[in-house]
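Student: Under UniProt numbering, the sequence shown has 55 at position 55, and the numbering climbs by one with no breaks.
I should point out that these hints are in silico values taken from the structure, not numbers from a laboratory. Everything hinted at is true.
Distance condition first, Cα-Cα at most 30 Å in a straight line; then the derived DSSO-like pairs of lysine-lysine:
(1) 46 / 124
(2) 46 / 157
(3) 157 / 65
Small disclaimer: the values here were computed from a predicted structure and weren't measured.
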Amino acid sequence: MSAYPNANEGFPRLSAITSFNVTADERSSAIDFVNRVNTLFEEFDKDTLSSTFLPEATLQHAYGKFQGYDEMRGFIERDYPPLIPGVTRHATNHIVDRDEETGGVVVRYHNLLIRHVWPAEADKVTAKDAVTVTSLPGIWFWSTTSDRLKMTNDGWKVFARIIGATVNNKDLTPESK
Numbered sequence: 001m002s003a004y005p006n007a008n009e010g011f012p013r014l015s016a017i018t019s020f021n022v023t024a025d026e027r028s029s030a031i032d033f034v035n036r037v038n039t040l041f042e043e044f045d046k047d048t049l050s051s052t053f054l055p056e057a058t059l060q061h062a063y064g065k066f067q068g069y070d071e072m073r074g075f076i077e078r079d080y081p082p083l084i085p086g087v088t089r090h091a092t093n094h095i096v097d098r099d100e101e102t103g104g105v106v107v108r109y110h111n112l113l114i115r116h117v118w119p120a121e122a123d124k125v126t127a128k129d130a131v132t133v134t135s136l137p138g139i140w141f142w143s144t145t146s147d148r149l150k151m152t153n154d155g156w157k158v159f160a161r162i163i164g165a166t167v168n169n170k171d172l173t174p175e176s177k
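When you get a sec, could you build the whole thing from the sequences and use the hints?
Tutor: As structure tokens, then:
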């Protein structure tokens, strides 16, 4: 029985063995790229963030399916801003395999959105003084994620991002406070 029988639709199949046709450089640079993309969400420079996706990229997300640069940019500008203040993203348990369809790689991982401060207090966080909060930090969202990456002249780019099984801690959702 699958841990998430209805949740990881569209995920590339996972092999039980390490993909030996992925080089060590591809593996490490793909993991670094995924971590960079997740950190770019914290900076929320929409142009830089958008540049990490190919123009024809797709995103399968709990908020819908988005195809191409314009739809992705609209999603990032319209739906994503509430998910930014006071939240960091942490990708864990990376598995890298060859994407047989594109020749790139598939990076499968768990993505954790950690709420460390409430959005209304995010501007109080500085390098000079620690902000004291109660019951934070905490895992707000946990998701299985699969990024299909293609190598370009500018390095890795996201060809497709699939967000699968997702669990959200409603106590850490700003609207519930």
